[in-house]
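Starting from the known structure of chain A, arrange chain B on it as the hints suggest.
Sequence order for the protein chains is A and B. Going from the first sequence to our numbering is simple: count from 1 and add 146. Going from the second sequence to our numbering is simple: count from 1 and add 1.
What the hints contain is simulated information worked out from the structure, not anything from laboratory work. Fair warning: there could be bad hints in the mix.
Lysine-lysine pairs mimicking DSBU-like chemistry, simulated, CA-CA at most 35 angstroms apart [what the hints assert, rightly or not]:
| id | chain 1 | residue 1 | chain 2 | residue 2 |
| --- | --- | --- | --- | --- |
| 1 | A | Lys-209 | B | Lys-19 |
| 2 | A | Lys-159 | A | Lys-209 |
| 3 | B | Lys-79 | A | Lys-185 |
| 4 | A | Lys-185 | A | Lys-267 |
| 5 | A | Lys-185 | A | Lys-209 |
| 6 | B | Lys-79 | A | Lys-209 |
| 7 | B | Lys-40 | A | Lys-159 |
| 8 | B | Lys-40 | A | Lys-267 |
| 9 | B | Lys-19 | A | Lys-185 |
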Amino acid sequence: MDNEQALIQRAQKGDHDAFATLVDEHQLYVYNLALRVVKDENEALDLTQETFVRAWTALPNFKGQSQLRTWLYRIVTNLCYNRLPNLRRSLNDLGDDVMEEIPETKFNAPADEFESNETRKHLYQAINGLDEQYRLLVTMRYQNELSYEEIATSLNLPLGTVKTGIFRAKAQLRNALAHLEDSWTTA
Amino acid sequence: MDDRLTPEQEAMLEEALKNFPLVPMPHSITPNVMARIQKDTRPTLITWNDFALSFVIALCVGALIFTVQSLPPILLAKLHIEGILLYQYFLVNARWLVPSLFFGIAAFLSALTIPTLIQMTMNRQR
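Here chain A stands alone, though its shape is the one from the complex:
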């Protein structure tokens, strides 16, 4: 991380090589976030490229109050808002019903291997099938490993809205999993 700090400082002074290293390090995560939201490979690549060009322009103003990746996610989500005008509204409309902490279950006993693989595949499909606002939130929370506060800051949303969104996304995934179980029982 100290190394990244040094790279940021060099890039802020105009060092292209340092910035290229930062682009190499972060592009995969920025691309995946964009891809989860827009669901189009070319558009996601375009958004990723635009994100880093904007980051280069704004880098002298980056004061390091947040991590670089959080800052990059903020840029890419703003670009996603431009591409998908309804995304911002959908996020704002989530409300803030869930104010308490969301418990996270630990993975203890692995289930039967075959069943487990089938379930996982089904869950991945269910995650891909979530609405764009939920895909954005779960990707930031679980794939990019941001805290609720970091997501709220990145998306400029109230903390309660972020929690509500993730809670509802997980509720939809639970439903999908329960339906799978039902179909296995009836088969």
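Quick look at chain B alone, frame taken from chain A:
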């Protein structure tokens, strides 16, 4: 936790969310980004627009000072008197103006909160 799911299934859900596979990039975007940033120079802190704007403002201020200094003393005195009369006129005839402005601004600011309040009410009802 959903009653229909076992703890194992709940755990599997968490695991699927955490280990959702990253999609590899079709190609690296680094060369394209570097080509673009070498072409477009970073904007400096003060742009030419800022210089032009400050020049125009400085010219206006200079012209105003020059005009005031060039006016005949009699005209300056008349302007001064007119200024005092206008102030007195406001004190006598337009006392309502300040409280009206104050309440107007307060009403405007209150009206700005209406969309947020409507949204909050709708969220509560949902």
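The hints, checked one at a time:
Between Lys-209(A) and Lys-19(B) the CA atoms are separated by roughly 30 angstroms; this keeps the pair inside 35 angstroms, and the hint holds. Among the hinted pairs, Lys-159(A) with Lys-209(A) is consistent with the structure: their alpha-carbon atoms are about 13 angstroms apart, no more than 35 angstroms. Distance restraint check for Lys-79(B) and Lys-185(A): the Cα-Cα separation of roughly 73 angstroms exceeds the 35 angstroms cut-off, and the hinted pair is therefore not satisfied. The hinted pair formed by Lys-185(A) and Lys-267(A) meets the criterion: a straight-line CA distance of about 18 angstroms does not exceed 35 angstroms.
A C-alpha spacing of about 32 angstroms is found between Lys-185(A) and Lys-209(A), which places the hinted pair at or below 35 angstroms, so the restraint holds. With a C-alpha separation of about 55 angstroms, the suggested pair Lys-79(B) and Lys-209(A) falls outside the 35 angstroms cut-off, and the hint is violated. Restraint check for Lys-40(B) and Lys-159(A): the C-alpha separation of about 17 angstroms stays at or below 35 angstroms, so the hint holds. Pair hint Lys-40(B) plus Lys-267(A) does not hold up; C-alpha atoms about 45 angstroms apart against a cutoff of 35 angstroms.
Straight-line distance between C-alpha atoms of Lys-19(B) and Lys-185(A) comes to about 19 angstroms, which keeps the hinted pair within the 35 angstroms bound.
When held up to the earlier numbered hints, the structure conflicts with 3, 6, 8 and fits the remainder.
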